[in-house]
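Participant: Two chains, two frames, a set of hints: combine them into the complex.
Chain by chain, the residues run as shown.
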Amino acid sequence: MEFDETKIKMSVTRRGFLTTMGVGAAVAVTGRYASGASSDETVMLPEEMAKIRLHVNGRVHRLLVEPRWTLLFVLREKLGLTGTKVGCERGECGACTVLMDNIPRYACMTLAVEAQGFEITTLEGLMKGEDLGRVQEAFLEHDAFQCGYCTPGQIMAAEGLLKDDPEPSPDAIRRGMSGNLCRCGAYTHIFEAVDEAGKRKRGKS
Amino acid sequence: MKNEEKGIYFAEGLAVPETPEPGKDPKPWKETNVVGKSRPRVDGYERVSGSAMYPSDYSLPHMLFGAVLRCPYPNAKIKRVDTRKAEQMPGVRAIISAATPEARVLWPYTPHMKVELFDSHCRFEGEAVAAVAAETPYQASDAVRAIDVTYEVLPFVTDERKAMLSDAPKVHPAGNRVGPTEHYSRGDVAKGFEEADVVLEESYRTECEIHTPMELHGCLAYWDGDLLNIHESTQGVYAVQSKVAEVLDLPLSKVRVMGRYMGGGFGSKLQPGKYTVIAAILAKITGCPVKLFLTREETYLCTGNRPASNMKLKAGVTKDGRLTALDFSVVGSGGAYPAGGTLLVDWLVKDLYLCPNVRTAATDVYTNAGPARPFRAPGHPQGAWALEQMMDALAKAIDMDPVALRLKNIPSYSQARKGNPPYTTTGLAACLKEGAKAFGWEKRRKEIAAEKPNGSLRRGVGMAACLWVAGGGRPPSTIILKLFSDGSVNLNMGASDIGTGTKTVMAMVVAEELNVHTDVIQIEHADTGTTQFATPSGGSKTVPTEAPAVRRAAIHVKQQLLEMAAEQLKADVSDLRFKGNAIVHGNDDAKKVTIKDLKGLKKRGVVVGVGYRGPNPEGKVVNPFGVQFCEVEMDIRTGEIRIVDFLGANESGRVMDRLTFDNQVFGGITMGIGLGMTEVRVLDEGGSGKMLNKNWHDYKLPTALDVSPRMTSFPIELPDPEANITGAKGLGEPVTIPTAAAIANAVYHACGVRMTETPINPTRLGVMLSDRPKEA
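Chains as they are written, first to last, in the numbering used here: chain A, 240 to 444; chain B, 13 to 788.
It should be emphasised that the hints constitute simulated quantities derived from the structure, not laboratory data.
What you are looking at is a predicted structure, and each value in this text was computed from that prediction instead of being measured.
Do not rely on the hints blindly, as some may be mistaken.
DEER-style ranges, computed between Cβ atoms [said to hold, decoys possible]:
#1 A:D404 / B:K458: 35 to 41 Å
#2 A:R298 / B:P84: 40 to 46 Å
#3 B:N705 / A:E287: 35 to 41 Å
#4 B:T606 / A:D340: 52 to 58 Å
#5 B:N705 / A:P405: 23 to 29 Å
#6 A:K438 / B:K126: 56 to 62 Å
#7 A:K438 / B:K632: 32 to 38 Å
#8 B:E194 / A:S417: 55 to 61 Å
#9 B:N466 / A:K438: 50 to 56 Å
#10 B:G452 / A:D410: 43 to 49 Å
#11 B:E128 / A:K438: 33 to 39 Å
#12 A:R292 / B:G299: 31 to 37 Å
Here are some of the chain A residues that sit facing chain B, going by a computed Cβ distance under 8 Å [claimed, not checked]:
#13 E287
#14 R307
#15 Q355
#16 F357
#17 E358
#18 D382
#19 E406
#20 A425
Just so it is clear, CB atoms sit at the ideal spot from N, CA and C, and this is done for glycine as well.
Isolated chain B, as found in the complex (with noise of 0.2 Å):
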């Protein structure tokens, strides 16, 4: 209907991009008719009309309910797994656990730390012991209760505070610490505090952040016959084929993963869990389809999470902004097995900045508590809640406005990159300027000045900057582009949409290049089975790596059609280019041809074109910049702030979807509001180790009514060239990284208190009120 209504192509006559000849790299798009243009999603229809299927929907004939007995206690062995009185429950069909020998399988923690699926030591809270499957989840929770377990439990530390203590139990036998201490040093420290006028130093903490997306983890698993069939929420279809190939020893081309809709994960998801194992091995048990999704309690405990984050911050500056010296410390814990627990925290102190004499030290170490996975720019939020607040605070300290500060020590180049590789481009001075013009930010600050304390309301405004050490994107990534005779096409990629519009703006690109309407194209992808390899979604890269093989193999098309024309057309396929709906001679209107009309192409019924992404740019570094700045209101008497108003300026050169594009940067500022405001992982460190609050009662997300009604997207869209053949860098993870400094700065204009702890809340902002001097 809708075809005969619009047509496959857009108008007539529009200019479509010159296409390259094969083995050149094309031009930058000029003008452009699709990309960069408010697109609603593709797949919008099938995601407000329900009939979007999420992992968790899926239902098969014979499908049974899976189910996860899970360790209660920090760090206990287990004497003994009784299942006898649950084996005989109604609806059970099997019961797993270490004793079963198809479950006696290593599940690798790392490449170098691998442990029994089941592993008799359960090291933190909410450790797999046993499974269930059975014909309702409520028949299968019944037996996982069911089920009888001794345990000897063991001391324990969950604060990684306390974890080099002397005395702190030890979580692995050689000890707390994952490695050495890492070190990093640049110029020297010492002498550049010399030459500072003024030198702070603090101690900042991040608490612990939880990802709970909305969908929970898990998948259904089913066999046909040798081949293993899972339908995973996850950000990465070939990330969970390959490690549970690797756990189950399986060839890959015996595990098909399939994931086309999945309902968010923020790093959670770009890795399969023990729950995948366990649902394939229920299946092949039981030899029926076996569905296997947490609760929201266990994804709490078992499916990662950002780290705490505790740091120390010392830096000097001259009189007139100059950065003189840094000097950084942090010590976290991915939990109980090597997760990262300081991974990339030092990032933006050794790079953000232009500073020539920088150290920092890393130390990571062991907790009885749940391993951390990537959360949506692992390490930046905590580095930028302490360098950005102490870049605040020097700024207070030489009486200089924040932006000019930070203005004034601008690099063109990545300095803690070895040889200091140039950026492609930076627009952190451009987010600065340009974002401060937008959001009022010196009106705002002179007005506030100005303002007489109204009762016991004050208001602030604050500002913080980052970059995303990643976001370029990379190879590998192929593309298959299929066009039918009447022109609509099939775009075959592997990557996953993870809620951040990938297949919109690949389906952009496609409308671009090949000039026809986004409503046309079809996309296959997310499936080990039918679509092409891809890394996860994950980094901010999915764009910058997939967008440019979308565009080679449209372009690829193309010059395949533009062959089959030059030989109905006895013309030179140099002489030919498209425009509009057909292929014409450049200099003889007369010669041209439609793309329906093309015999070559009814001849073979499709053109496919294959499109890689290639290299990224020798010796120069591609990564994405951003400035957030807002205005908080808050009552001195109760600690309560409100939020008045956000605005995210970033760069991540070209705007592909400016309604998605839009739509991420309000969504990461809504997720640094819960960082800097809501969230706290509490450990009950002094008596049961457990999780006092894995739930979202008790562990608050933002909700409505926790984020600023008033929040402005300003992109600041620089031309990139040279960051691939679509000047797209990443988004997804620069837009959270500085929103819970700028909030804590915000928060030190409007009351002169300084956060240095997350969350900002009122109980704990009301007790540093009343604990600061009374005022005169």
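Okay, chain A solo, but in the shape it has when bound (with noise of 0.2 Å):
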């Protein structure tokens, strides 16, 4: 994704953005709309609700969304999509960590109107119907998790890092996992997990 940061700048400028909105807020709209949108669309005021189509988990959802809505907010509180969790809303625990384009995000520091082309997929889409994916079934087997709420994050990461990295060495798994706080501890647990779904993918077990 290209900044064209002149483009930021004026925008904000013209609209008197920055008022009303945080200074991130205001880049990441404007950053994915720069990328590649119409040109009328640059900029939203806050209080205009804006259509947006997301596709998550193979399914296309219109949405009226405001332009500061996260795409966690958005998940949990208007699609019930509620596998993705909420742990600080900072991006700094990894709780609401989505695949977007198979690459793992932190929804919290995503916004709604800024998911908007990704293919996302949270942790209700890696069911095969009933059935578990292989990397949520390694963690239920090797008990890769305690309260279980920073879990689904945690699969999610392990999925991210398993499309990237098949065949992850135990270093490459830790930090590829790094990025998601397990405050109960489940660390080793977890790295036995992701090392498990790696060798399920790859067809050895």
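Facilitator: So, in structure tokens, the structure goes:
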């Protein structure tokens, strides 16, 4: 995604955007739109609801959102996909991790409007009907959680890691999972589960 | 589907534990079919599929979102709250403050110290000032920021070390002492020090630690007429019910609290918060369900902590390793209200090792900071930080192995309790001996001693031991077990599963007794409306409290089935026993009936078994014990430390589920790494008095990269038939007590620097390394 800083500054100044919106949000919104959308959509006022389309777990959802709503809020409170959890809402814990075009992203740091055009996968999207996906299965069998609240994010991070690196070394697993906090401290079992899931995906067990 | 494949029962002919006669205690299990094995969680599917509904996941029609305005100063009086502008904002449906009649209720910080829900005097940063309900959380937080409050900002003290100075601002009018200093004494400490060959004295400090469970604190509250319903992220639904009912002056029956899943608590969710009551009031005023979950920043300020502990320890030992005297003192603060600022910090000094002469003093003071709440093994990790580093230093001073020194001072009874009651079992010696062997303690120490320095890298090993003051469980607990006519089972208990695997362990107990698969056991729990009374899940007491009651309920079911079979087979109950899926006659194989074919069961449709938790053994103490060993590698130029591996040897009676047992051990060690190496609450004592690191970036939890990739759980399983009828003791707390001290001892072993204050991080260790006298 390319940023066009002049455009951001100009549009912000022109519409008085910054007075009510955070800087981070302004950059994020405009940045996404600057990357390809038509020019008359570059700026949205905070009180304007935006019509968006989100591709989530293979379905298209048409939604009316405030520009400041995060993807996390929309997934949980508008689409009922509560597998994605709220931990900090500031990109620290990873409980809200989802895949966007197969790359793990913190849904709390992603505005719903900038999530348009991506294939978004949440924990629910890993299910095959009522059957668990391989990473989910491995987490269950290796007891890779305690309270289970960080688990959806951990599983999504592991999915992303294994898509990027199908045969991760133990060190790559630790690094790949280091963006997700687990206060219960189930890391040891998480490492085992990710390793096992990798093996299963490669068809080795 | 699954049941057709596997059936409800385990293999036919499998031995089922003998059923005692009514009124008699069952014998301990001998060989077990289910208990003690590695069983993935019975609710694992829900947790990994996203279908488990945590309290923060619930959504109801017309639901509003709550948010709380909090005092930004550590000490301030509220002069005026102007909500006019906020009331006009889009989506805002209610604003409550001290001026709202419905919100004029008293919040009991303790039974004797009650304040207004929105008190005009805010004694800590983060105290509640007003609250909003709005249609979206964004609108709620906009409105909170638009409330205009005039504060009279007052002088403050946030550092407990300064709270007793004569010029310190007073947190409460009567001064900054919570009470008189608490003293304990046995024997003659002065005489003990005279008998010692070596006497050492040291000061220690552990920093304040915040629980920060992954799921935020909060609830969804809604009213059905006069019935208040609350989905709360809690460790104990009945604890929430009683406090909310008290504050809102409601009958207990009119407060229904549910918390089937919850995302971690570690002690901070043993009680409701003001937020629970605020949500209930907002829901009442608006007539809508209100979901009120705090922000992460708020959870750092007002949902409890493990207080900082400032400790002094003087210890005497003879050349042959006998402890002669321990003299200990601690100063701590539970914050702005009484909250056990020094609770149990001295317990290990008083009780872990044999020592005839012990004196302790604990001074709890008020500070302008958020009140503490119990945090996983209150007081114990702090006490272990001092005592276990002191033991290490004493061992070095008398040239004895640290494990050997501890082995010379093993008590078989509790010295700190009146009458010196014996422990039902003490696995301390076994944990030390067998743990050391499994870890390769002596071998590694020899290797390290013989090693030449590898550049600036140094290796070291360390260990520390503990007991946990509770962990035996206790009454009350009631369990109701329903056996349906096909043999499948419904288990009803009030206890919460806070992530320790409570539900799984209970299902395993039922499976063991009734010979059914855990898959066919449905568990209803943690709901004051439909499940039985239980104390909150905490204190490492849930398994030893609930499991015996579950076993009794299962036995009660079996006794009734036997009576039905006796009637049907025209036999005597005492001749009948369970075998596989049937009840058979002891002497006559032809006389047998499967459970499904019991006429009595078919007719009644269900058999209900009730189990109560019996009393603990009189005059005895049930405590779990544990020892941890670790190896670190450190760089003496940079102070960076890598934890090479960790071993936890835990004696917690019978292992119920090996998989969740190991998980607890690793989790406890991880949390101990946090206390020892990464976590510290920073308050701006010299400036604003505010917390400077109320987020996970600046307050660092151990991540996947901070824990050792190699961790070993080494259970020491001693039969403990006296503890309770399952023989299980608590585990969740002992697993985190010795960790920080073990790391400190390993660091000392590696580089000769004694880190007496947490956290041991490169910044602080680097300073210590450069300050020490240079090696020749």
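Participant: Going through the numbered hints above, which ones does this structure break? Give me the numbers in ascending order.
Facilitator: Violated hints: 5, 7, 8, 9, 10, 11, 13, 15, 16, 17 and 19; rest satisfied.
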